[in-house]
Amino acid sequence: MERRDLFMPRVKELFVNGKTVPVDVDGERSLLSVLREDLDLTGAKYGCGEGECGACTVLLDGNPIRSCRTTAGQVGKRQITTIESLEQNGRLHPLQEAFLKEDSMQCGYCTSGMIMSGYALLQKSRDPSEAEIIRSMGGNICRCGVYQRIIAAIKDGAQALQNK
Amino acid sequence: MNSHDTQILEPERCAPDAPAPARLEVNRRDFFKTLGYGVMVLYLVPSALARGGGARGGGGRGGGGAASADISAWIHIGEDGSVTVFTGKAEVGQNIRTSLTQAVAEELCVPVSSVKMLMADTDLVPYDMGTFGSQTTPQMAPQLHRAAAAARGVLLDMAAEYFKVDKSALTVADGTIFKSAANRNLAVTFGQLTKGQKFTKTVDNATRITPASDWKIAGTSVPKVDGRDFVTGKHKYSSDMKLPGMLFGKVLRGTAWGAKMVSVDTQAAEAMEGVKVVHDGSFVGAVAPDSLLAEYAVNAITAKWSDPPEGPTDKTIFEYLKNNATAGGGGGGAARRGGGGAPAARAGAPAPAAGAADQTLKQTYTVAYIAHTPLEPRAALADWKPDKLTVWTGTQRPFGVRTELAQALGIPEERVRVIVPDTGSGYGGKHTGEAAVEAARMSRAVGKPVKLVWTREEEFTWAFFRPAAVIDVTSGVRNDGTLTSWDFVNYNSGSPGINSPYRIANKTEVSRVTRTPLAQTSYRCLAATGNNFAREVHMDELARLLKMDPLEFRLKNLADARLRAVFEAAAKAFGWGAAKPAGGRGFGIAGGTEKGGFVATCAEVLADKASGTVKVVRALTAFDCGAIVNPNHLKNQIEGAMVMGLGGALFEEIEFQKSMITNPHLADYRVPRFADIPKIEIVLLDNKGLASAGAGEAPIIGIAPAVGNAIFDATGIRLRSMPMIPAGLKA
Numbered sequence: 001m002e003r004r005d006l007f008m009p010r011v012k013e014l015f016v017n018g019k020t021v022p023v024d025v026d027g028e029r030s031l032l033s034v035l036r037e038d039l040d041l042t043g044a045k046y047g048c049g050e051g052e053c054g055a056c057t058v059l060l061d062g063n064p065i066r067s068c069r070t071t072a073g074q075v076g077k078r079q080i081t082t083i084e085s086l087e088q089n090g091r092l093h094p095l096q097e098a099f100l101k102e103d104s105m106q107c108g109y110c111t112s113g114m115i116m117s118g119y120a121l122l123q124k125s126r127d128p129s130e131a132e133i134i135r136s137m138g139g140n141i142c143r144c145g146v147y148q149r150i151i152a153a154i155k156d157g158a159q160a161l162q163n164k
Numbered sequence: 001m002n003s004h005d006t007q008i009l010e011p012e013r014c015a016p017d018a019p020a021p022a023r024l025e026v027n028r029r030d031f032f033k034t035l036g037y038g039v040m041v042l043y044l045v046p047s048a049l050a051r052g053g054g055a056r057g058g059g060g061r062g063g064g065g066a067a068s069a070d071i072s073a074w075i076h077i078g079e080d081g082s083v084t085v086f087t088g089k090a091e092v093g094q095n096i097r098t099s100l101t102q103a104v105a106e107e108l109c110v111p112v113s114s115v116k117m118l119m120a121d122t123d124l125v126p127y128d129m130g131t132f133g134s135q136t137t138p139q140m141a142p143q144l145h146r147a148a149a150a151a152r153g154v155l156l157d158m159a160a161e162y163f164k165v166d167k168s169a170l171t172v173a174d175g176t177i178f179k180s181a182a183n184r185n186l187a188v189t190f191g192q193l194t195k196g197q198k199f200t201k202t203v204d205n206a207t208r209i210t211p212a213s214d215w216k217i218a219g220t221s222v223p224k225v226d227g228r229d230f231v232t233g234k235h236k237y238s239s240d241m242k243l244p245g246m247l248f249g250k251v252l253r254g255t256a257w258g259a260k261m262v263s264v265d266t267q268a269a270e271a272m273e274g275v276k277v278v279h280d281g282s283f284v285g286a287v288a289p290d291s292l293l294a295e296y297a298v299n300a301i302t303a304k305w306s307d308p309p310e311g312p313t314d315k316t317i318f319e320y321l322k323n324n325a326t327a328g329g330g331g332g333g334a335a336r337r338g339g340g341g342a343p344a345a346r347a348g349a350p351a352p353a354a355g356a357a358d359q360t361l362k363q364t365y366t367v368a369y370i371a372h373t374p375l376e377p378r379a380a381l382a383d384w385k386p387d388k389l390t391v392w393t394g395t396q397r398p399f400g401v402r403t404e405l406a407q408a409l410g411i412p413e414e415r416v417r418v419i420v421p422d423t424g425s426g427y428g429g430k431h432t433g434e435a436a437v438e439a440a441r442m443s444r445a446v447g448k449p450v451k452l453v454w455t456r457e458e459e460f461t462w463a464f465f466r467p468a469a470v471i472d473v474t475s476g477v478r479n480d481g482t483l484t485s486w487d488f489v490n491y492n493s494g495s496p497g498i499n500s501p502y503r504i505a506n507k508t509e510v511s512r513v514t515r516t517p518l519a520q521t522s523y524r525c526l527a528a529t530g531n532n533f534a535r536e537v538h539m540d541e542l543a544r545l546l547k548m549d550p551l552e553f554r555l556k557n558l559a560d561a562r563l564r565a566v567f568e569a570a571a572k573a574f575g576w577g578a579a580k581p582a583g584g585r586g587f588g589i590a591g592g593t594e595k596g597g598f599v600a601t602c603a604e605v606l607a608d609k610a611s612g613t614v615k616v617v618r619a620l621t622a623f624d625c626g627a628i629v630n631p632n633h634l635k636n637q638i639e640g641a642m643v644m645g646l647g648g649a650l651f652e653e654i655e656f657q658k659s660m661i662t663n664p665h666l667a668d669y670r671v672p673r674f675a676d677i678p679k680i681e682i683v684l685l686d687n688k689g690l691a692s693a694g695a696g697e698a699p700i701i702g703i704a705p706a707v708g709n710a711i712f713d714a715t716g717i718r719l720r721s722m723p724m725i726p727a728g729l730k731a
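Residue numbers (the working numbering), protein chains in the order written: chain Z, 1 to 164; chain S, 1 to 731.
The hints are simulated quantities; they were obtained by calculation from the structure and are not laboratory data.
No residue lacks a Cβ here, since even glycine has one placed at the ideal position from N, Cα and C.
Hints may contain errors.
Stated by the list, open to error - Below, in silico cross-link-like pairs of lysine-lysine (DSSO-like), each with a Cα-Cα straight-line distance of 27 angstroms or less:
#1 Z:LYS19 - S:LYS242
#2 S:LYS234 - Z:LYS19
#3 S:LYS242 - Z:LYS101
#4 S:LYS609 - Z:LYS101
#5 Z:LYS101 - S:LYS658
#6 S:LYS730 - S:LYS315
#7 S:LYS362 - Z:LYS164
#8 Z:LYS101 - S:LYS679
#9 S:LYS322 - S:LYS385
#10 Z:LYS12 - S:LYS242
#11 Z:LYS155 - S:LYS242
#12 S:LYS679 - Z:LYS124
#13 S:LYS236 - Z:LYS19
#14 S:LYS609 - S:LYS547
Unchecked claim - Partial selection, computed: residues in chain S whose CB lies under 10 angstroms from chain Z:
#15 GLN94
#16 THR202
#17 PHE230
#18 LEU292
#19 PRO374
#20 GLU376
#21 ASP422
#22 GLY426
#23 VAL453
#24 ASN636
Start from the sequences, fold in the hints, and give me the full structure.
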């Protein structure tokens with residue numbers, strides 16, 4: 001019987017973390033599953049598959065998206081940025097440093113998504129207000145409840161980027 | 001009279017009666033072969049403790065070639081001076097990887113960075129009953145303190161021999177022993193001392209350890225030891241694991257609880273390229289090279305199911321619980337999936353003797369079923385080999401899951417290895433191995449490693465819930481504020497937290513077991529959250545009745561010095577009694593003691609009766625858990641417990657009808673988000689003279705009643721059901 005090639009054209013390459021990456025996947029598959037299952041980029045997590053928790057957040061041309069609700073076929077030539085690219089030459093991004101400084105995690109499962117959402121915010125707003133942080137992070141859930149520390153880390157990260 | 005005369009820890013609700021695990025046999029020579037030469041210190045506990053009750057033969061204690069399961073932990077110091085700690089405890093976000101590292105580093109006088117914790121791998125670590133009940137800090141940490149202190153003693157003996165001096169002349173720091181404090185040039189490292197050694201020592205609780213007042217590493221805010229792996233996305237959870245040739249599995253689920261499979265047709269799925277169908281009785285699923293194909297394959301399977309039992313709904317559940325109570329009290333019973341015991345005539349509860357009461361008050365409080373909602377759903381990677389099954393899975397009970405796997409697959413436990421990578425939280429809900437068993441059955445069927453990750457909907461539907469409860473409270477009080485009688489009955493959720501800390505001459509506290517329609521299990525702090533909610537809201541109601549200040553009323557009836565201290569500390573830091581900002585503001589206070597922790601929480605809410613909105617503006621918890629192991633991580637746990645508690649207090653609620661969950665999505669089941677969070681403040685009371693209690697659970701108990709009492713203060717509306725405002729405030 002049929003395979004699911006019938007469902008959607010196959011995707012042959014993706015642009016991930018500044019590199020062109022050859023793949024061969026059904027375009028119907030979620031970007032999250034392709035990143036995790038085919039490219040071994042497991043920093044983005046499955047939390048709900050419904051776009052409600054933000055654990056799967058990656059950037060598409062700089063904008064935070066829910067990779068569980070984005071199919072590989074929808075991505076096209078847009079640039080995908082994942083948590084794995086933030087550390088450069090062994091140096092953490094200031095926002096990653098800030099998450100460590102503020103101890104902004106417990107189990108850590110939401111952390112990649114939180115950092116990617118916060119990173120996207122700091123790309124657009126150099127000095128976000130608390131209200132702005134709360135608004136733009138509203139799609140990310142931390143079930144361990146360290147929200148207050150994540151807000152502190154984003155503020156710290158903003159400060160560190162300004163001082164750079 | 002008190003029906004719960006001993007304040008014991010209620011056994012966790014999952015499989016407490018599971019068969020005893022096979023004895024862990026460790027040949028020490030093999031141990032050194034695996035780990036390399038060095039010094040090894042094993043910590044011995046009485047067998048009954050290691051087993052969590054039930055006396056069993058110790059076997060292999062002390063000398064001899066084999067060590068047995070009454071060893072609870074061991075420490076190995078290698079030829080390079082590296083320290084490896086072996087424990088069956090699992091890290092699920094409570095930061096015990098860090099706190100236990102601190103315990104060992106403290107006693108061994110080594111940097112935190114040189115200690116490696118090997119946790120929750122059933123082939124490598126000694127048997128452990130599980131990570132629950134806030135027991136890691138009061139039980140495992142002192143054991144590791146003692147084992148590490150003994151290891152330091154062994155190394156000092158070796159150094160004394162090396163330097164040919166008396167041991168008392170030596171000093172030790174940073175993994176190095178100095179011949180004298182004055183001359184730091186003559187030194188020998190742990191690695192030099194352990195080179196070529198095959199030295200083992202067993203220790204027990206007679207070993208002296210450093211008092212908290214002298215701690216230098218324990219007691220400080222050591223950062224999460226592997227924090228960098230989490231901020232870079234490098235940490236591998238069970239759901240991130242991968243093996244060569246691995247396939248993805250998906251299980252066919254029934255239409256409702258209790259629905260039985262009548263027939264199944266897997267032909268269409270079997271015809272799909274790359275798909276293998278697994279069909280073993282009513283266990284039906286598919287494996288495929290990617291998760292979407294596995295999902296499509298399962299969607300292509302058609303099955304007929306029997307009609308499920310009608311059962312109660314989330315609207316009728318409280319009546320159902322009261323009408324289905326079984327005879328006698330009890331601790332709430334073991335985890336159970338539906339059914340429960342047969343209903344029996346209700347034992348007549350003794351009437352509260354109001355005695356000299358000037359006023360009496362009778363109220364009913366309810367607690368809805370809620371879901372743990374760990375952000376990492378149940379997940380497992382299973383690798384079936386003819387001689388060994390290896391399963392990576394997120395669980396709080398690796399050895400319990402090993403037993404489940406051995407039973408499900410009909411193989412001896414020795415052939416099963418369970419490895420628990422640091423897990424995406426549990427909150428009491430991950431005691432069992434559903435995903436592990438499913439993945440293992442599939443791996444055996446297809447002869448390849450299979451990874452299986454539950455969807456959020458599966459997690460909401462087929463996992464467990466915090467038990468719903470009905471709590472009836474009848475009390476008597478004199479006009480001077482003295483409590484005279486107290487009758488407290490909890491239906492279904494259990495006895496933790498049921499004992500009032502207040503002085504009451506005449507009290508009855510009973511936990512009633514009832515039939516339950518949903519699968520319920522332990523949840524962070526068990527029934528203590530609901531029991532404290534009922535008691536502390538009732539106390540507020542009594543204070544209002546008496547026109548007394550709620551704090552003053554509590555203190556008048558409270559003898560316990562530690563609980564008084566946290567109430568007073570919280571009230572002072574919060575500004576209890578100070579003038580409230582104008583317009584819809586209310587203050588509330590509540591507290592209690594649980595699992596060795598003393599909690600008092602104050603909350604400030606802003607409520608608008610017209611629109612029905614409530615915002616918790618500010619919340620403060622004062623907490624005393626004895627000697628503090630890691631102040632920053634403790635604060636983090638308290639903040640997190642308050643946030644989690646806020647969800648169950650305000651809006652979390654599982655909805656169900658016809659034996660099926662009707663809101664199994666995060667869009668329909670509301671958990672706290674950024675916008676829901678008040679300004680949170682923590683006051684820590686560091687009681688260095690007292691043993692450290694665990695702190696992952698107790699701080700959850702104060703927030704719900706504090707917020708409820710604050711809502712009443714702001715609006716005059718008394719809310720007695722958790723969640724209190726699932727659809728806003730209704731006047």
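Status of each hint after checking the structure:
1. Z:LYS19 - S:LYS242: Between Z:LYS19 and S:LYS242 the Cα gap is close to 23 angstroms, so the pair holds against 27 angstroms.
2. S:LYS234 - Z:LYS19: holds, 19 angstroms
3. S:LYS242 - Z:LYS101: violated, 31 angstroms
4. S:LYS609 - Z:LYS101: Judged against 27 angstroms, a Cα distance of about 41 angstroms means the pair is violated.
5. Z:LYS101 - S:LYS658: violated, 49 angstroms
6. S:LYS730 - S:LYS315: Holds: S:LYS730 and S:LYS315 sit about 17 angstroms apart, inside 27 angstroms.
7. S:LYS362 - Z:LYS164: At roughly 63 angstroms apart (the allowed maximum being 27 angstroms), Z:LYS164 and S:LYS362 break the hint.
8. Z:LYS101 - S:LYS679: Given that 27 angstroms is the threshold and the Cα spacing comes to 20 angstroms, the pair holds.
9. S:LYS322 - S:LYS385: Measuring from Cα to Cα gives roughly 50 angstroms; hence the hint is violated.
10. Z:LYS12 - S:LYS242: Judged against 27 angstroms, a Cα distance of about 23 angstroms means the pair holds.
11. Z:LYS155 - S:LYS242: Roughly 36 angstroms separates the two Cα atoms, so the pair is violated.
12. S:LYS679 - Z:LYS124: It holds: about 26 angstroms lies between the C-alpha atoms, which stays within 27 angstroms.
13. S:LYS236 - Z:LYS19: holds, 23 angstroms
14. S:LYS609 - S:LYS547: Holds, at roughly 23 angstroms.
15. GLN94: holds, 7 angstroms
16. THR202: It is violated, given that the least Cβ distance between S:THR202 and chain Z is near 34 angstroms, above 10 angstroms.
17. PHE230: It holds, given that the least Cβ distance between S:PHE230 and chain Z is near 3 angstroms, below 10 angstroms.
18. LEU292: holds, 5 angstroms
19. PRO374: holds, 6 angstroms
20. GLU376: holds, 5 angstroms
21. ASP422: holds, 8 angstroms
22. GLY426: holds, 8 angstroms
23. VAL453: OK, holds: S:VAL453 within 10 angstroms of chain Z, min 6 angstroms.
24. ASN636: holds, 6 angstroms
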